[in-house]
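With these hints in hand, go ahead and build the complete structure from the sequences.
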Amino acid sequence: MNNELRSRILKAIEHNAKVDISELAVRFGVDEAAVANEMEIMEKEGIICGYLTLIDWDKTDNETVTALIEVKCTPQRGQGFDVIAERIYKYPEVNSVYLISGGFDILVIMNGKTLKEIASFVTDKLSTQESILSCATHFILRRYKDNGTIFGKKYEDERIQVTP
Amino acid sequence: MREPIAKKVLDMKPSGIRKFFDIVAEMKDAVSLGVGEPDFDTPWHIRDEGIYSLEKGRTFYTSNAGLKELRIEICRWLSRHYELKYEPDTEVLVTVGGSEGIDLAMRAMLEPGDEVIIPEPCYVSYVPCTVMAGGKPVIVNLKEENEFRLTPEELKAAITPKTKILVLPFPNNPTGAIMEKEDLEAIRKIIIENDIYVLSDEIYSALTYKEKHVSIASLPGMKERTILINGFSKAFAMTGWRLGYACGPANIIKHITKLHQYCIMCAPTTSQYAAVEALKHGDDDVVEMRDAYDQRRRFLMHRFKEMGLKCFEPYGAFYVFPSIREFGLSSEDFATELLKSKKIAVVPGTAFGDCGEGFLRISYAYSIDNLKVALDRIEEFVAELRK
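Which chain is which? The protein sequence lines are A and B, in order. The numbering of the first sequence is my numbering, which starts it at 250 and goes up by one. The numbering of the second sequence is my numbering, which starts it at 50 and goes up by one.
It should be emphasised that the hints constitute simulated quantities derived from the structure, not laboratory data. Please note: incorrect hints may appear among the correct ones.
Taking lysine-lysine pairs in the DSBU-like style, the calculated list, with each CA pair at most 30 Å apart, reads [stated by the list, open to error]:
| id | chain 1 | residue 1 | chain 2 | residue 2 |
| --- | --- | --- | --- | --- |
| 1 | B | 185 | B | 272 |
| 2 | B | 57 | B | 68 |
| 3 | A | 308 | B | 77 |
| 4 | B | 303 | A | 267 |
| 5 | B | 68 | B | 192 |
| 6 | B | 329 | A | 394 |
| 7 | B | 272 | B | 211 |
| 8 | A | 403 | B | 77 |
| 9 | B | 261 | A | 260 |
| 10 | B | 421 | B | 192 |
| 11 | B | 230 | B | 329 |
| 12 | B | 134 | A | 267 |
| 13 | B | 303 | B | 134 |
| 14 | B | 259 | A | 260 |
| 15 | A | 260 | B | 329 |
| 16 | B | 421 | B | 392 |
| 17 | A | 260 | B | 354 |
To give an idea of the chain A side of the interface with chain B (calculated C-beta under 10 Å), a few residues [unchecked claim]:
| id | residue |
| --- | --- |
| 18 | 275 |
| 19 | 276 |
| 20 | 278 |
Over the 12 Å line for every Cβ pair with chain B, so calculated as not near, a few chain A residues [as the list claims (entries may be wrong)]:
| id | residue |
| --- | --- |
| 21 | 288 |
| 22 | 290 |
| 23 | 299 |
| 24 | 301 |
| 25 | 322 |
| 26 | 337 |
| 27 | 351 |
| 28 | 352 |
| 29 | 361 |
| 30 | 362 |
| 31 | 368 |
| 32 | 377 |
| 33 | 396 |
| 34 | 406 |
Note that the structure is a prediction, hence the values are computed from the model and not measured. For glycine and all other residues, C-beta sits at the position ideal for the given N, C-alpha and C.
Okay, here's the thing in structure tokens:
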């Protein structure tokens, strides 16, 4: 295990999963095999959990609605919040589930085709669960920045083209 | 009418870069590798401090030497990174970019006819500043086989009884060359024996890719004869803020400060407040940017190797300086042809001194994706030339 190489790989692919291994090897000044090997191990260890694509759905014909749902609940004896979280994250329409400190307990992020779809998920599937006390649903109106990437702003090189 | 312009200025050549810029500017969709400044924006926390200082109404002059708080942070930064010990009250002057410090030092130190040793290829301002200060530039042509470092032999050969200043521009623009501790040790004795002052332009000190940069001022007996020039432009991606500093023995800084007081008054106040933040909390940003440059540097060297373009491995700044001698074209012709046929702008080595003939300066202050596009086209161009 090479910790320095690991952190460099992770840093490089965190914002660009598409980058190819041979290029990374050149940039880090190491063998291609070393990079490939380290990535494979990290995949096995579950450090690298997947390679995603960041999509600005607003620019497509695909209509989606994203909601943040604050969930208050009573933890179950002997199991804490884990069982509740599991019951929520098993729904495929649920994107992310976090245990949160502060005014509520669990934060759920989910996608739906329409507002109605999300509303019915909350009223039918979430609120009805025994240990869930209340839900507060917030709809996302615009994404400015997601996962470190600023949406809708293209990089423009404003520098003078040739300078000493 | 009488000639309005002084002869010294009439005789001054316009920068070779300027000439090339005019050609590039006319071309709309050229991909440029000709830029001498970072591609990163100034880190937000630094910009935010600048904005905050404006909101607080800090819009007045500072003291001539610069904000005391900033001078203290400069001394701490130099001590933390390069083991340099300077007194904020008497040995530091905050300037408008490193360039001002270069100009002021020459004007404060040169008597008519004093010689200034300038190793080329180098940044474009040392020669004109020397001339305007009444000095005489003595050019040392650095060699590729020495990785464009200044050797003791080259230095010795250039020294005369009139030599007053040696300009030491490392890490170097345009070659990317560095001077390591041994290299500096090797010339230290000669400098002291001949009672020469050093104008050490270390504006790229934060960007080295081997050992950490060593300042000549940190060697025994050198602080008292070195004027250290540094600044915020390259390390913190703050070119447009126009802020640098000169450090040196109190006696020299005192007189340089007089000149500064009469021609500038003080460096921009907003920039000074932002710079305090940069020095206090910007070390991580520097590491991150340096790592990005280093990756691009390796990428470029790899591509040159693939296309068989000869290039010594540079360990500093953000430039590579490949040789194009094999093609039998002058640097300017090569660069012009490359621009016309492939729309790639690079700077001919000759813009940085005659001995830059046969070389190109390629900047890697660009994203990897940008570099890929450009290098693919250079590869095509080189292949066509070889046919």
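To see whether the hints hold, each was checked on the structure:
no.: 1; hint: B:185 / B:272; result: holds, 24 Å
no.: 2; hint: B:57 / B:68; result: holds, 20 Å
no.: 3; hint: A:308 / B:77; result: holds, 29 Å
no.: 4; hint: B:303 / A:267; result: violated, 56 Å
no.: 5; hint: B:68 / B:192; result: holds, 25 Å
no.: 6; hint: B:329 / A:394; result: holds, 28 Å
no.: 7; hint: B:272 / B:211; result: holds, 21 Å
no.: 8; hint: A:403 / B:77; result: holds, 19 Å
no.: 9; hint: B:261 / A:260; result: holds, 23 Å
no.: 10; hint: B:421 / B:192; result: holds, 29 Å
no.: 11; hint: B:230 / B:329; result: holds, 27 Å
no.: 12; hint: B:134 / A:267; result: violated, 47 Å
no.: 13; hint: B:303 / B:134; result: holds, 17 Å
no.: 14; hint: B:259 / A:260; result: holds, 21 Å
no.: 15; hint: A:260 / B:329; result: holds, 25 Å
no.: 16; hint: B:421 / B:392; result: holds, 14 Å
no.: 17; hint: A:260 / B:354; result: holds, 26 Å
no.: 18; hint: 275; result: holds, 4 Å
no.: 19; hint: 276; result: holds, 4 Å
no.: 20; hint: 278; result: holds, 5 Å
no.: 21; hint: 288; result: holds, 17 Å
no.: 22; hint: 290; result: holds, 22 Å
no.: 23; hint: 299; result: holds, 23 Å
no.: 24; hint: 301; result: holds, 20 Å
no.: 25; hint: 322; result: holds, 37 Å
no.: 26; hint: 337; result: holds, 35 Å
no.: 27; hint: 351; result: holds, 26 Å
no.: 28; hint: 352; result: holds, 29 Å
no.: 29; hint: 361; result: holds, 34 Å
no.: 30; hint: 362; result: holds, 35 Å
no.: 31; hint: 368; result: holds, 38 Å
no.: 32; hint: 377; result: holds, 45 Å
no.: 33; hint: 396; result: holds, 17 Å
no.: 34; hint: 406; result: violated, 7 Å
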